[in-house]
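Protein chains: 2
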Amino acid sequence: MTWANVAEGSGFGPANLPYGVFAPAGGAARVGVRIGDEVLDLAAALGDTVFARPTLNDFMARGRDFWRETRARIVELLTDATRADHTLLYPVGEVTLLLPIAVGDYVDFYASEAHATNLGRMFRPDSAALLPNWKHLPVGYHGRAGTIVVSGTPVTRPLGQRKAPTDAEPVFGPSVRLDIEAEVGFVVGTPGTRIGSDDFAEHVFGVCLVNDWSARDIQAWEYVPLGPFLGKSFATSISPWIVPLEALTEARVPTPPQEPRPLPYLRGAEPWGLDLTLTVHLNGHTVSHPPYAEMYWSPAQMLAHTTVNGATVRTGDFYASGTISGAAPDQRGSFIEMTWNGTEPLTLPDGTRRTFLQDGDTVTIDGWAPGPNGERISFGEVTGEIRPAPEF
Amino acid sequence: MTWANVAEGSGFGPANLPYGVFAPAGGAARVGVRIGDEVLDLAAALGDTVFARPTLNDFMARGRDFWRETRARIVELLTDATRADHTLLYPVGEVTLLLPIAVGDYVDFYASEAHATNLGRMFRPDSAALLPNWKHLPVGYHGRAGTIVVSGTPVTRPLGQRKAPTDAEPVFGPSVRLDIEAEVGFVVGTPGTRIGSDDFAEHVFGVCLVNDWSARDIQAWEYVPLGPFLGKSFATSISPWIVPLEALTEARVPTPPQEPRPLPYLRGAEPWGLDLTLTVHLNGHTVSHPPYAEMYWSPAQMLAHTTVNGATVRTGDFYASGTISGAAPDQRGSFIEMTWNGTEPLTLPDGTRRTFLQDGDTVTIDGWAPGPNGERISFGEVTGEIRPAPEF
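Just so you know, the protein sequences line up as chains A and B, in that order.
For the first sequence, position 4 matches number 4 in full-length UniProt numbering, and the numbering has no gaps at all.
For the second sequence, position 254 matches number 254 in full-length UniProt numbering, and the numbering has no gaps at all.
Hints were generated in silico from the structure; no laboratory data involved.
DSBU-like mimics (lysine-lysine), calculated; alpha carbons at most 35 Å apart, straight line:
no., chain 1, residue 1, chain 2, residue 2
1, B, Lys163, A, Lys163
2, A, Lys135, B, Lys163
3, B, Lys135, A, Lys163
4, B, Lys163, B, Lys135
5, A, Lys163, A, Lys135
Cβ pair distances, simulated, as ranges:
no., chain 1, residue 1, chain 2, residue 2, range
6, A, Pro390, B, Asp330, 44 to 52 Å
7, A, Pro54, B, Pro260, 46 to 54 Å
8, A, Val176, B, Pro260, 19 to 27 Å
The structure displayed is predicted, hence computed values, not measured ones.
We treat Cβ as the ideally placed atom computed from N, Cα and C, and that holds for glycine.
Assemble the whole structure, with the sequences as input and the hints as a guide.
This is the structure:
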């Protein structure tokens, strides 16, 4: 029990305690912890200036022992009625939530078998749906770190080149196939290299929701042979709250069976699948429930792969799972899959139809994991509204 | 004429004045300017604390007018004999040269027609050598910013998965096809988005040499469909001196003719090809002379493309040209091309033969551009020695 106000089923009880960065009206940015519908001012509560900073990076750089100690002190404070002090709390609706991390490198994976299979079936109908490397390594690539934005930031429709197979020449203009990718992201706290699959929790600070906005038409024309670039680089939205790994003990599950058996550097004794279910909402209507537990590759395997060649990770490096799609049609994490490459439009309860996103559309993704004693762990939400492309 | 000691043909005369970051023995890192074989301590010389920093970023963030003013003050100081003060100078051999920039995002292009054609001929002998998009846009992708290192940093042979087409399963171990990519890099000083091709010089601070080390076997197995990842992410070396654009007035040349005509956002009135010739040395033997002037896409077009979708660039963002290869066989910028995919080994003057790099090999790339009055502008060098892979 906490002296703070936490509504039944809030998802932000004392078992969660995600970290973010907020600015009260007229105040400087600082680290906060969400409890119920309020934000605990951590610098004020704990008297440590490492929390009086505009990102979580300095806190994260202190390492896992300090993360544990900090969480224990927060729990102690919030559950000791004799220390109740509501001046430490700000209503979440009255503060500005900021991008919580200064991102170093950003890597995006492609770890959902259903997603990779769906795209393979759409674009290579006459070949095997999965490419030969897919079950041997977590396929991934570097994305643009500088355009990672916090939830709520509007997303401007990108301009770019596109060329349909039937076009003689590429044309330039606003993307006409603007999509989402519902993903989960992982924030590196402790630097390292050649990180074993069982050392994940020594290095990864926490987890958040990601929407990796994608312009499918720009991407299709540009991506051979060096991968996606402008089709993805205009915006990647993340949720403002970073859920610490310690809050996810009850959510840990094994990954689905991996066959063929991965190479030794990708094997770990620790299960790091996560029973985390996302929900995708388009203009307020629920359209999908992507299940993170079905992801083929775990985030521990992704980190082991990223660093096995000697590449270093730094505090603030960020990586995302890739689109989360389950086996069922109502579990797909992108509109290109939900509408089968635009051939099967969605009809929303208000009668509107969609293939790809229109200007003015708002996409919101939220997510939940199981916590202790039947409590739920909320990941909050990542949301963004599509703004029209600029004149050109 | 300068009161500093500049040998005839040094390439580091008062027409060059590249910026770097150095630490004198026992001293803190600070911004310096190379003149002859010495380094001018800029904070001491100009009395501005923006130069008493461990990277160029704060200086670069001040913008183009400040860059111009700073260069004019340095020229004034170094050419006024009444202000001669040798205590401001450190011998370059007695200081440590550091990574000069805190890199934001790193993008690597693929802008040499000869390079793209050579790879196409090797790997797709039955198709057109250039892919359909290549002449319509500067193909590029994001690389790993956190593993950009300064010249002189040893490069450890990466471990990773590889699978030859004839192998039944992938194997894990040290790369056996370790290569270089001789490139030129561009440092963004002034942030922006949708940067027109003629606004290049408002945003780009300077130019350096790049060796984008590449493990061809790791890359070949991993890169479909999302592009290179671990085959490149272990190390990218850059030269310590950033040559300001103002030093390159005489080096500017038009790009080769571009046909088909690029889309309007890629057109510019300003020529931003550069007559800059690199030389690649393997263990002290010259093996190649890659000519930057033959690059199909200019760095101004690369920046316009990167930002046309609304993506922002930040101070410290860095992008490289991709491997520079000329049409002639002795102008190739990678060993995979020089040895035609390993089928035509190089024989060095000392009788040793090479296809890909061996442990203990040192690769050094230097480069020169024409300056005023027949003077040459040196880019210094980027060098690295291959260290053995770790036990695994």
